[in-house]
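S.K.: For the sequence shown, our numbering gives the first residue as 3, with consecutive numbering after it.
There are no misleading hints in this set.
Here are the computed lysine to any residue pairs in the SDA-like style, where the Cα-Cα straight-line distance is at most 25 Å: (1) K713 / E817; (2) K821 / N690; (3) K806 / G681; (4) K102 / D410; (5) K518 / A561; (6) K812 / V684; (7) K787 / G722; (8) K531 / D700; (9) K665 / E548; (10) K413 / D73; (11) K821 / S740; (12) K494 / A423; (13) K812 / E756; (14) K243 / P418; (15) K413 / V143; (16) K713 / V761; (17) K272 / A320; (18) K541 / N583; (19) K812 / D714; (20) K546 / F269; (21) K531 / S551; (22) K560 / P580; (23) K665 / S724; (24) K812 / E827; (25) K413 / S94; (26) K787 / V765; (27) K411 / L75; (28) K243 / G412; (29) K546 / A561; (30) K129 / P146.
If you anchor each label on the Cβ, the simulated ranges turn out as follows: (31) A384 / V749: 49 to 55 Å; (32) N715 / A561: 45 to 51 Å; (33) K713 / D181: 54 to 60 Å; (34) A504 / D328: 50 to 56 Å; (35) E664 / P686: 16 to 22 Å.
Simulated from the structure, these hints should not be mistaken for lab results.
Small disclaimer: the values here were computed from a predicted structure and weren't measured.
Quick reminder that beta carbons are idealized off the backbone N, C-alpha and C, glycines included.
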Amino acid sequence: MTLKLKRLSTVAAVLAGLTLITACGDKTPKAAAIDEAALMAAEPDAIHPQMWAKGASGVKRDAAIETRIIDLLSKMTTEQKVGQTVQADIGSVSPADVAKYRLGSILNGGSSGPYGDDRAAPDMWIKLADEFYEASMSEGVSTPIPIMWGIDAVHGHSNVVGATIFPHNIGLGAANDVDLIERIGAATAKEVAVTGIDWTFAPTLAVARDDRWGRGYESYSEDPEIVARYGGAMVTGLQGKAGTDDFLSGERVLATAKHFVGDGGTFGGKDQGDALINEAGLRDIHAAGYRTAIDAGAQTVMASFSSWHGQKMHGNRALLQDVLFDRLGFDGLVVGDWNAQGKLDGCTNDNCPAAFNAGVDIYMAPDSWRGIYDTTLAAVNAGEISMQRLDEGVARILRVKLQAGLLDKGKPSSRPLAGHAEILGSDAHRAIAREAVRKSLVLLKNNGGVLPIANDANILVVGAGANSISQQTGGWTISWQGTDTTHADFPKAQTLLEGFKAAGSHVTYSEDGTYKAKPDVAIVVYGEKPYAEFKGDLKDVDFKAEDESHLAQLRAFKAAGIPTVSVFLTGRPLWVNPELNASDAFVAAWLPGTEAGGVADVMMANAADGKTYDFGGKLSFSWPKRSDQAVLNVGDADYDPLFAYGFGLDKSDTSSLGKLGEKLSIAGTQVGNKVFVKGRPVFPWALNAQNMQMANFDRFAQEDAIMLGWKDNGELAFAGASSDMSFLAQPDAGYVLSVRLDAAPSVPVLLSAEGDNGVLGRVDISDKLRGLTIGEWGTISIPLKCISSDPMKWTAVSAPIVIKSGAGLKLGISEIVIKGLPEPEQVCSK
Numbered sequence: 003m004t005l006k007l008k009r010l011s012t013v014a015a016v017l018a019g020l021t022l023i024t025a026c027g028d029k030t031p032k033a034a035a036i037d038e039a040a041l042m043a044a045e046p047d048a049i050h051p052q053m054w055a056k057g058a059s060g061v062k063r064d065a066a067i068e069t070r071i072i073d074l075l076s077k078m079t080t081e082q083k084v085g086q087t088v089q090a091d092i093g094s095v096s097p098a099d100v101a102k103y104r105l106g107s108i109l110n111g112g113s114s115g116p117y118g119d120d121r122a123a124p125d126m127w128i129k130l131a132d133e134f135y136e137a138s139m140s141e142g143v144s145t146p147i148p149i150m151w152g153i154d155a156v157h158g159h160s161n162v163v164g165a166t167i168f169p170h171n172i173g174l175g176a177a178n179d180v181d182l183i184e185r186i187g188a189a190t191a192k193e194v195a196v197t198g199i200d201w202t203f204a205p206t207l208a209v210a211r212d213d214r215w216g217r218g219y220e221s222y223s224e225d226p227e228i229v230a231r232y233g234g235a236m237v238t239g240l241q242g243k244a245g246t247d248d249f250l251s252g253e254r255v256l257a258t259a260k261h262f263v264g265d266g267g268t269f270g271g272k273d274q275g276d277a278l279i280n281e282a283g284l285r286d287i288h289a290a291g292y293r294t295a296i297d298a299g300a301q302t303v304m305a306s307f308s309s310w311h312g313q314k315m316h317g318n319r320a321l322l323q324d325v326l327f328d329r330l331g332f333d334g335l336v337v338g339d340w341n342a343q344g345k346l347d348g349c350t351n352d353n354c355p356a357a358f359n360a361g362v363d364i365y366m367a368p369d370s371w372r373g374i375y376d377t378t379l380a381a382v383n384a385g386e387i388s389m390q391r392l393d394e395g396v397a398r399i400l401r402v403k404l405q406a407g408l409l410d411k412g413k414p415s416s417r418p419l420a421g422h423a424e425i426l427g428s429d430a431h432r433a434i435a436r437e438a439v440r441k442s443l444v445l446l447k448n449n450g451g452v453l454p455i456a457n458d459a460n461i462l463v464v465g466a467g468a469n470s471i472s473q474q475t476g477g478w479t480i481s482w483q484g485t486d487t488t489h490a491d492f493p494k495a496q497t498l499l500e501g502f503k504a505a506g507s508h509v510t511y512s513e514d515g516t517y518k519a520k521p522d523v524a525i526v527v528y529g530e531k532p533y534a535e536f537k538g539d540l541k542d543v544d545f546k547a548e549d550e551s552h553l554a555q556l557r558a559f560k561a562a563g564i565p566t567v568s569v570f571l572t573g574r575p576l577w578v579n580p581e582l583n584a585s586d587a588f589v590a591a592w593l594p595g596t597e598a599g600g601v602a603d604v605m606m607a608n609a610a611d612g613k614t615y616d617f618g619g620k621l622s623f624s625w626p627k628r629s630d631q632a633v634l635n636v637g638d639a640d641y642d643p644l645f646a647y648g649f650g651l652d653k654s655d656t657s658s659l660g661k662l663g664e665k666l667s668i669a670g671t672q673v674g675n676k677v678f679v680k681g682r683p684v685f686p687w688a689l690n691a692q693n694m695q696m697a698n699f700d701r702f703a704q705e706d707a708i709m710l711g712w713k714d715n716g717e718l719a720f721a722g723a724s725s726d727m728s729f730l731a732q733p734d735a736g737y738v739l740s741v742r743l744d745a746a747p748s749v750p751v752l753l754s755a756e757g758d759n760g761v762l763g764r765v766d767i768s769d770k771l772r773g774l775t776i777g778e779w780g781t782i783s784i785p786l787k788c789i790s791s792d793p794m795k796w797t798a799v800s801a802p803i804v805i806k807s808g809a810g811l812k813l814g815i816s817e818i819v820i821k822g823l824p825e826p827e828q829v830c831s832k
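Please take these sequences and the hints and turn them into a complete structure.
M.R.: This is the structure:
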């Protein structure tokens, strides 16, 4: 089943503003014709700025501000100027540090709250904001400059308890409503201002082209047109309309267009990966949202972690300067991403003049800020960074601070909305969020007209997802990954279950699907568990639930003659043919946020408020017919979706969707390494621990390793459902562990594998660990034959890696993989 769409003639026309659709009445997104295959086939070339259409910032320079910048620069010391270019995380910096180093900005990362409390009350955010402000304005320099605080308020003020959490961007793309986007931006700005924060790292303007990408839900659409329409609207909502008195007023905050540029086009959908498209694709697809954001007056742009043909964006001056400023007309500041400067060749997290010289004005150096300050100052004094470039970067920072009025506003607690906690999660903002949920829902199937559901029907709601705040809000909510969010974090929130109970008169909840009285209809809620960034990257688009209970429930209800409705919580389109076959109706609800009652508003005959709502959401991402269709974008030469871009039924459409094929279609053969741990356990394996201390920490990227401390009789296991691993039991196969030994073991360290019939075998790896250098990363190899050389024992493995030891062992793990070992490593002892 596909939907044919009218296509715009060229993407370039869209980007030039000639064919942008601004009316909100037409809810079917219009797709731009893009032949990605042709773009991928083209040979890479250097950037040609003259091929990028000229643009201009919606904020015109003010003579008084420019005069003030010149005056400030003349009074600032070199040390103070360098301090302006450094941004530290509040978990790694103190107000005293800010006073000493005169840092220009701070941020709080996804798992960093005031005074170490991720769930700090609003007044604690204000208190800390005042402390940092006062430190930045303390005596010690002739001209103190106020500090800025940036935060990832990416779907509402999502780090703060009690805030309104809006649907993630993929759902907003399906809503296809520009006015709604601007209102969401305005509501978010007010809630951010309540906590005294000046700056949000939003909106994300990625055009996600590979659905395996772990940040796909942060993208509005696979189509640059929707992203372009939304980019300017969200910036206007956050900052206010450029050229008016409302611009960066007391109810507005600084916006950030991110991540410049190409983050949604990386090869294989790999987060922080390499965009292997030509310049036309970079310009016409991935820069689309930046044009409208700049036109709306975006004051900051965040450089992307990703690369373009092997060159990291943080080091690409042609794009950061020649294109962004000189052609697109940007006139704000460029901030780096989380320690991304350390990814440049020849750089480390705390030493990278190359990034600043390329056009990054502020290093985001959360925990490396002292080092980056020292090395940047040394580079300026040595002439490696010119004084002209330093003054250029600092001038950009000062211009943004002056545009925002930060030099004149006073401390955060004195600002108009500061401390007004009643604005957080207010009824008005929650109403906007609920409207966004209603408009984002996409009805993919409605065989027999199961929807709408009568309000007096006997309804059985099934599945843990129906009553899970974390699953409906997703990543970037309270914590970075959003996995531990609870109803206590958002006491005004409404789960899907609560929404159905409010709208229906006979609603029963059964997490496991059991029931006493046969219901009239069963609503099964399931989907992806929360994730963020690279931790959500996939190898294919087959929906892999942690268990298959939802599918068994759907099939059991069907067999019992009970109409079934699936509500799918997801951050991307996934291959769910078995679930579609087992459902009479299927609703893509995306990641709806705190106001999931909007789902019931649409699915029921009448909402809890007595009104009637219909499905109006349309797919802003094409839905796969096969599990190997990770790259599936409208306009592709081989475009063959199950549900096309722009598809979406309403309640009046009861046309039957026939039975779909349920055979997985993964292109090619899956050969090579079997990975068990990659920063965290890889599906389907989970980490089980007894008598252990555990914490995530950084190796190559944020929280991509686990630090483990053993207590007496400590046991670490990577376990899951019983699996046949006999195909891995080759003569040269073995475990390879990437580890960092922080404290050597004083007792044996036993590695084993366990299966349905007990322990397969074990080996003492103490000598191998003692061969490592304390505090440095290294690898150890353990041949599988050291555990068991009998392939039959590997046919039912439930815990492929178990490590037992005693108190004293402290070990960091970033990866565990089974692969072929070179001959010297095929020995069982050191």
